[in-house]
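Given chain E, put chain A in place with the hints provided.
Letter by letter, the chains look like this.
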Amino acid sequence: RKEVEQDPGPFNVPEGATVAFNCTYSNSASQSFFWYRQDCRKEPKLLMSVYSSGNEDGRFTAQLNRASQYISLLIRDSKLSDSATYLCVVKPGTGRRALTFGSGTRLQVQP
Amino acid sequence: DAGVIQSPRHEVTEMGQEVTLRCKPISGHNSLFWYRQTMMRGLELLIYFNNNVPIDDSGMPEDRFSAKMPNASFSTLKIQPSEPRDSAVYFCASSPLSGSYNEQFFGPGTRLTVL
Numbered sequence: 193r194k195e196v197e198q199d200p201g202p203f204n205v206p207e208g209a210t211v212a213f214n215c216t217y218s219n220s221a222s223q224s225f226f227w228y229r230q231d232c233r234k235e236p237k238l239l240m241s242v243y244s245s246g247n248e249d250g251r252f253t254a255q256l257n258r259a260s261q262y263i264s265l266l267i268r269d270s271k272l273s274d275s276a277t278y279l280c281v282v283k284p285g286t287g288r289r290a291l292t293f294g295s296g297t298r299l300q301v302q303p
Numbered sequence: 026d027a028g029v030i031q032s033p034r035h036e037v038t039e040m041g042q043e044v045t046l047r048c049k050p051i052s053g054h055n056s057l058f059w060y061r062q063t064m065m066r067g068l069e070l071l072i073y074f075n076n077n078v079p080i081d082d083s084g085m086p087e088d089r090f091s092a093k094m095p096n097a098s099f100s101t102l103k104i105q106p107s108e109p110r111d112s113a114v115y116f117c118a119s120s121p122l123s124g125s126y127n128e129q130f131f132g133p134g135t136r137l138t139v140l
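From first to last, the protein sequence lines stand for chains E and A. Counted the way the numbering used here counts, the first sequence spans residues 193 to 303. Counted the way the numbering used here counts, the second sequence spans residues 26 to 140.
Isolated chain E, as found in the complex (with noise of 0.2 Å):
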């Protein structure tokens, strides 16, 4: 089983919509949780923290459930700019400071 686990879609939504992503994590000792954007051929940047009381910045809502080990990025009134790949990233409770990325969830949104 992998670390982290994300459906890779693509994810193919209208401009204005709501979408979803969902990410599992298998090592419940995990510190520190993270979303990171990647778009085409570019490299990874970070885009959000995910605290254990949820969080949101703007159009972007994470989400953090340690009994179900579980993390969500729900984007609102999605833009054509929202296109690109979202990556979950966790960081282990092990003292690393090296962090575990999941292959990522595709996200297409079209006029």
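Here are the simulated lysine to aspartate or glutamate pairs, EDC-like style, with alpha carbons at most 20 Å apart:
#1 Lys283(E) to Glu128(A)
#2 Lys194(E) to Glu69(A)
#3 Lys234(E) to Glu36(A)
#4 Lys237(E) to Glu197(E)
If you are wondering where the hints come from, they were derived from the structure by calculation, not from laboratory data.
Just chain A now, kept in the frame of chain E:
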């Protein structure tokens, strides 16, 4: 401010040749990471350094791969000899060392093709 700089951006080589990828982290960042990304395996951590010291190289696929960080502003990833299955995008990332976690800033990547 300059971000993470990687060179070359593209490399095409023949099987058996030595390949050297280069990275300059963001000034002041103490942690440096080398990743490899393929369609099949996604983004995999190869090795990371704290203060120029290798901390975890468990992701390095085999002895053909080696990485060095001779100083705080430069790192190399070398593949010798290269094989077609090494074809991938290789990313370097850096982050500050202070705190339990800091955002990792990725370079633009080196797209390696081994024929």
